[in-house]
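Visitor: Spelled out, the chains give:
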Amino acid sequence: MVKVEFLGPIGKDPIELNINSLEELADYMSKDEVLKEWVENSAVAVNDTVVKDRNFPLKSGDVVTILPPVCGG
Amino acid sequence: MVKVEFLGPIGKDPIELNINSLEELADYMSKDEVLKEWVENSAVAVNDTVVKDRNFPLKSGDVVTILPPVCGG
Amino acid sequence: MELYQGPLDVKAISSRWYDEVRELNYGAFITFVGIIRAENSIEALSFDIYEPILRKWFDRWQEEAKSRGAIVKMAHAIGDVPIAQSSYIAAVASPKRKVALALVEEFVEDFKANAPIWKYDVVNGKRIYAKDRSTPMEGAGVLRKDGND
Amino acid sequence: MELYQGPLDVKAISSRWYDEVRELNYGAFITFVGIIRAENSIEALSFDIYEPILRKWFDRWQEEAKSRGAIVKMAHAIGDVPIAQSSYIAAVASPKRKVALALVEEFVEDFKANAPIWKYDVVNGKRIYAKDRSTPMEGAGVLRKDGND
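Residue numbers (the numbering used here), protein chains in the order written: chain A, 4 to 76; chain B, 4 to 76; chain C, 177 to 325; chain D, 177 to 325.
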C-alpha cells in the first residue's frame, strides 16, 4: 500500500492506495471530483523528494505527497 | 576670485584663485607637487553640482570642489 | 531556518542574525522582509508549510551559498499573520557585496517559486486560497497525461 | 538620509525604519548593512563625507525610487568605525518584491561608485587612504588635457 497526502489547499485527508506508479495515481485522481482539478498543476514528492517522471515506480510503504501551486513570503 | 576646496585624502587647505575656467584650474593643479596627482582621477563640482565640461566658465564667488576617487560603505 | 506560529518578531530575529554575522566576519548583510499589506479587504494572510521539503529546499540553498563563500538564513510564519505584521525574512551574508546582492535576489525568487508554502487570504475570518498568486512548483505537471516523462 | 559620528546603531536604525515602512503599507523591505571586516591588520575604517553633494545624490535616488512606487533610506558613519561595527545601511521599501530587489542593487552599486565618501584604513592609529579600493566618480577626468569636453 502507498500512502498519499494532499497538502495545502487541496483539503482532503490522506488515503492508502494499492498502486505501482505515479501514472496509476494520476488515473485515480482524474476520477475524483475534488482531486481532478489538482492533477494539472501539482508537483509530486515520493518520500519527500520531488519526482519528475510520470512512470516513477512506487513500492509498498512509499509516502506520496501532492504539492499544489505555492506562494510563500 | 574663485574658492577651490580639496576633499578627502587630498589633504590641502582651500585656496582662492583668480581663474575663469576649469581649464585654468587644471593648469594650476598640474604645476603643484601635491595637486598634480589628483588631476587625472578627480571629479569637479561647481557650487556643489558636478560639472563634466573642461571649458565650464567660472565667475567670481564660485566655489569649486575637487572630488578624488570615492569608496563609501 | 526558523518557523514560527503567527507573525515574526522581525526586530529580534534580524538583530540576532546581525550579531551572528558580525562574529563570522562577513562584510555585507542583506535582509528581505515581507510585510502583510492592507489590500483586497483582507484581515490577515495565513500560511501552510510542508516542513520536510522546505528544509531540503533550504539546505540546498545553504550549500549553494557556501560554494560562493556566503550564508543564507530564513524565517517564516505558520498560520495567520495580520496586516502590517511580517510573514517572511530572508537574509544573506557574504564577505563580498556583489555576491550578497546577487544571491539574495536568486534566493528570494526561488523561494517564491518553489518553497512548499501555501498562502490564504483571511476575509471575515475565512481562509481563501490565494490561487491566482500561486505558482506551480518545479516538477508540477508530472501527473498530466502529456506530462514531462 | 542620516549621518552619524562613529559606528551605526544598526538595530535601532533598522527597527525604526521597519516601523515606518509598515505604517506606509509597503510589502517588501530590504536592508543592506556594511560591516567592517577584520582584514589587512586594520583596527578600524574611517570615513570623510562631503554632505552637500551626498544629499543631492540621495535626493535624486529618492526621486527615482518614487517614480517606481518605492522609497530608499540610507545611514552612514563619519570618522572611525571599529572592526565588527557598521558604517553603512541602505534600505528600500516597495509594494512589489521585484522592484525592491532590483532597486536595492542599483542603489547600493551607484552608492559605491558615486557617493562623495572617502575611506581610510586605520592601522596603528594612522589613517591610510584606501586608494586601491576607490573609484573615480562619474565625471572624473574633467581636468585632464584630453578630458571629456
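Treat the hints as calculated values from the structure; they're not laboratory data.
Backbone N, C-alpha and C fix where the C-beta goes; we use that ideal spot for every residue, glycine too.
Treat each hint with caution, since some may be false.
Covered, in the sense of this in silico footprint (three residues per stretch, anywhere, with C-beta under 8 Å from a C-beta of chain C), are these stretches of chain A [stated by the list, open to error]:
id: 1; region: 10-22
id: 2; region: 39-45
Capping the alpha-carbon separation at 25 Å, the derived lysine to any residue pairs in SDA-like fashion look like this [said to hold, decoys possible]:
id: 3; chain 1: A; residue 1: Lys34; chain 2: C; residue 2: Pro312
id: 4; chain 1: B; residue 1: Lys34; chain 2: D; residue 2: Gly317
id: 5; chain 1: D; residue 1: Lys288; chain 2: B; residue 2: Val54
id: 6; chain 1: B; residue 1: Lys15; chain 2: D; residue 2: Glu240
id: 7; chain 1: A; residue 1: Lys55; chain 2: C; residue 2: Lys187
id: 8; chain 1: C; residue 1: Lys187; chain 2: D; residue 2: Gly182
id: 9; chain 1: C; residue 1: Lys274; chain 2: D; residue 2: Asn300
id: 10; chain 1: C; residue 1: Lys288; chain 2: C; residue 2: Pro183
id: 11; chain 1: C; residue 1: Lys321; chain 2: A; residue 2: Asp35
id: 12; chain 1: D; residue 1: Lys274; chain 2: C; residue 2: Lys321
id: 13; chain 1: D; residue 1: Lys307; chain 2: B; residue 2: Asn58
Visitor: All the hints need checking, so say for each whether the structure fits it.
Guide: Results for each hint:
no., hint, result
1, 10-22, "holds (count 3)"
2, 39-45, "holds (count 4)"
3, Lys34(A) to Pro312(C), "21 Å, holds"
4, Lys34(B) to Gly317(D), "17 Å, holds"
5, Lys288(D) to Val54(B), "20 Å, holds"
6, Lys15(B) to Glu240(D), "35 Å, violated"
7, Lys55(A) to Lys187(C), "40 Å, violated"
8, Lys187(C) to Gly182(D), "22 Å, holds"
9, Lys274(C) to Asn300(D), "30 Å, violated"
10, Lys288(C) to Pro183(C), "18 Å, holds"
11, Lys321(C) to Asp35(A), "16 Å, holds"
12, Lys274(D) to Lys321(C), "34 Å, violated"
13, Lys307(D) to Asn58(B), "28 Å, violated"
In summary, the numbered hints that this structure violates are 6, 7, 9, 12 and 13.
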